[in-house]
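The chain contents come next:
There are 2 protein chains.
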Amino acid sequence: MVTATICTIGDEILIGQIVDTNSSKISTALNSIGVKVISMVSTSDTEEDIINTVETALKASNVVVITGGLGPTKDDITKKTLGKLTGATADVENKEQLEIITKILSARGMVPLSPLNKAQALVPNSCKVIPNEFGTAPCMEFEIPEEKYGHKAVMFSLPGVPFEAEAAIPKVLDSIQAHFSLDKIFHKTICTFGIPESTLAQRIEQWEDNLPTNIHLAYLPNPILGVRLRLSIYGVDEKTGLQELAENQASLEKIIGNAIYGEGTDSLQKVIGNMLKEKGETIGVAESCTGGFLASLFTSQPGSSAYFYGGIISYDNSVKINALGVDPAVIEKYGAVSQECAEQMAAGARKALGTDYAIATTGIAGPDGGTPEKPAGTVWVAVALPDGSTLSTRFCFNSTRRNINIERFASNALNFLRLQLIKQ
Amino acid sequence: MVTATICTIGDEILIGQIVDTNSSKISTALNSIGVKVISMVSTSDTEEDIINTVETALKASNVVVITGGLGPTKDDITKKTLGKLTGATADVENKEQLEIITKILSARGMVPLSPLNKAQALVPNSCKVIPNEFGTAPCMEFEIPEEKYGHKAVMFSLPGVPFEAEAAIPKVLDSIQAHFSLDKIFHKTICTFGIPESTLAQRIEQWEDNLPTNIHLAYLPNPILGVRLRLSIYGVDEKTGLQELAENQASLEKIIGNAIYGEGTDSLQKVIGNMLKEKGETIGVAESCTGGFLASLFTSQPGSSAYFYGGIISYDNSVKINALGVDPAVIEKYGAVSQECAEQMAAGARKALGTDYAIATTGIAGPDGGTPEKPAGTVWVAVALPDGSTLSTRFCFNSTRRNINIERFASNALNFLRLQLIKQ
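From first to last, the protein sequence lines stand for chains A and B. Going left to right, the first sequence walks through residues 725 to 1148 as this note's numbering numbers them. Going left to right, the second sequence walks through residues 725 to 1148 as this note's numbering numbers them.
Okay, chain A solo, but in the shape it has when bound (with noise of 0.2 Å):
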């Protein structure tokens, strides 16, 4: 099995000033083509720091994969130790990086270069560049000849920036695969939602139980996007790895139907717009309790203007009273979370916006603001559909956590939608 190791390098992870979500990243893309990541490592900004972890991780590792302490101020140390621990003779200057650099600053109007700058685009002489479009710091892939730890190794050093290093990952993977026959391994992501992740577990126990021992699955429990289950499958030809994911999957589907929304990269968003876009429908929001964050999700799905006119934010309740058309009366004798206000404001927001649908939320997201029979954590949500029907439904959280309830609100809401936009 050809293993990896992933050093971070800066002092900004260790001192808890950001969070390393490169590693993750890494990680997630190096095991979907069978390199197995056996450690992960932040360490500091100094020569003995920098030499010590990438020593260990070769010796311990066939692929090392660094990011970080290239930015142009602290650019000597890591770039130099590499070098050094390399043998590399002389620094180089990369034309390509050089090209991308000019440009990046021009655009910028920092031309022409400053010698600071301009040192971007030198590299040590023992390894071969992997140009960063987006930013200034040169990837670096450097070949370890076998004899030096007893195996086969390539290391690659990546910028911290996320995008940047995100960016080139897939060039490291093309350079993996040239370098080690890596066993085939295929995968598939199944988006579920509803059924929480230790009831699932025990819903579909046989299934997974049937599985074949070279399938593998993992729960990828998220509040927004519900519980994905990833199905890898070793040792295939691709057609036939393929095949076996799909009648695997046609037999979960047997077990919990709609409560899967979708494959791979889908979001419940995502999938409703699409509903949408081939109905040539549209959608609007009443939101209370999520506060704008409903409509944020749709919003953050490109294209999404097609079908999403827009939503109104009715906070306070004069809000729900004027721009939704809710009751008074309703709010006076049911209070402003009811089933009766939800669909209202569902209602109300399909006429003021003008839209085929429009979806409400009305609750408590706490900390502060419930009761013994509305605690914080519970929603009321309401979708108002093209015949001018409303139909609605309560999630009860029973949490104080303001923001993890907003999402759950938001999200259980998506998938309220989307159960009934499948009837429709």
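Errors might be hidden in some of the hints.
Derived DEER-like restraints, expressed as beta-carbon distance ranges [claimed, not checked]:
#1 Leu-966(B) with Ile-828(A): 54 to 62 Å
#2 Met-725(B) with Thr-964(A): 55 to 63 Å
#3 Asp-898(B) with Glu-921(A): 12 to 20 Å
#4 Lys-808(A) with Thr-770(B): 28 to 36 Å
#5 Pro-936(B) with Pro-894(A): 21 to 29 Å
#6 Tyr-1058(B) with Gly-1112(A): 30 to 38 Å
#7 Tyr-1058(B) with Glu-932(A): 39 to 47 Å
#8 Thr-964(B) with Lys-808(A): 38 to 46 Å
Covered by chain B, according to a simulated footprint, are these stretches of chain A (three or more residues, beta-carbon under 8 Å) [what the hints assert, rightly or not]:
#9 853 to 862
#10 1034 to 1045
#11 1068 to 1082
With a Cα cut of at most 16 Å, we get these calculated EDC-like pairs of lysine to aspartate or glutamate [as the list claims (entries may be wrong)]:
#12 Lys-760(B) with Asp-773(A)
#13 Lys-783(B) with Glu-817(A)
#14 Lys-749(A) with Asp-735(B)
#15 Lys-908(B) with Glu-962(B)
Calculated directly from the structure, the hints in this document are not laboratory data. Note that the Cβ used here is the ideal one computed from N, Cα and C, for glycine as well.
Fit chain B to the known structure of chain A by using the hints.
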């Protein structure tokens, strides 16, 4: 200097399934009491890997904080392994944790306890328990005799669930302070917005150079919070420390003035909320390109219902016209992304929502929809004031990255609003 290593145990992190946020929180906490974090390591859930990782950490540092590997299903490995490593001779039941487990599982209707759940209260007799009030797995503290690694050391094992780990941190800090005599450190975080990090660094260069040698400055940039400056002062008593920090903050204010919006954990939405609450005034939003995200920032703040009345998300032009009263001729002549449209949106929202202020955004979040004159990343922001007048400004970030544009649009809109509120 007292040094620390933070270890995370478990495959979820190594396969990239979850991002490790615990290490960053623990690191911030350790640094705040003057413990230097020298390394962070993630390792898998096997006895060999745990022993290797923990022994390496104990050799290199005085404090080792471990998270993860304590779940009921895989419980045995980490707890037993740490017991073995520290010479435990038996497992003992911790009464206090057993009570917590019983309480938590009773609330979920899971009593009487299963043997698996009851076993969560068993700990090696080489540890001291720090009860975990929010979960079933107890936190453990192990004192390592000085002769073992040639230096005094203490090791903590915390659950991997982020809020359970976070809840244990204060007790971990207390224990570290009881074991080691640490240099006192005092911190002050100054929140700034509106000056990019590199420009800010240039503008305050001289001030930074003049800082006393016992004050350390860190830049903490964040797309929503702006650039926060953290000042840390070492080796003085509290009174002197706080006074010196205040003096340096005052001299910084003379240079960057109202780019400073707050301190500590302040956010733009919190500061704006406090200003509005103090004045007894209200606000609403009209959002096009930010699509609900601006409202969600306002409503993420507990208690925001006191001043945030609501908003109108006018994604489609029909909503701009019908719900906000934007003149169709304005959209035809200047386009929806224009100063004129933004100002009419703000004025229309103020009227429709019945608030003192309203803030509007209209722009191109991308990736598509940009033109040479109005590239993706362009936004117009307008604020309607209590006297009925409107003020507006344009930001251009020249980027097609949709979600980052939305974040920048919303945070810059908030900052523009803040600057207007200061003048009112």
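The hints, checked one at a time:
no.: 1; hint: Leu-966(B) with Ile-828(A): 54 to 62 Å; verdict: violated, 43 Å
no.: 2; hint: Met-725(B) with Thr-964(A): 55 to 63 Å; verdict: holds, 58 Å
no.: 3; hint: Asp-898(B) with Glu-921(A): 12 to 20 Å; verdict: violated, 34 Å
no.: 4; hint: Lys-808(A) with Thr-770(B): 28 to 36 Å; verdict: holds, 34 Å
no.: 5; hint: Pro-936(B) with Pro-894(A): 21 to 29 Å; verdict: violated, 48 Å
no.: 6; hint: Tyr-1058(B) with Gly-1112(A): 30 to 38 Å; verdict: holds, 37 Å
no.: 7; hint: Tyr-1058(B) with Glu-932(A): 39 to 47 Å; verdict: violated, 59 Å
no.: 8; hint: Thr-964(B) with Lys-808(A): 38 to 46 Å; verdict: holds, 44 Å
no.: 9; hint: 853 to 862; verdict: violated (count 0)
no.: 10; hint: 1034 to 1045; verdict: holds (count 9)
no.: 11; hint: 1068 to 1082; verdict: holds (count 3)
no.: 12; hint: Lys-760(B) with Asp-773(A); verdict: holds, 14 Å
no.: 13; hint: Lys-783(B) with Glu-817(A); verdict: violated, 41 Å
no.: 14; hint: Lys-749(A) with Asp-735(B); verdict: holds, 14 Å
no.: 15; hint: Lys-908(B) with Glu-962(B); verdict: holds, 8 Å
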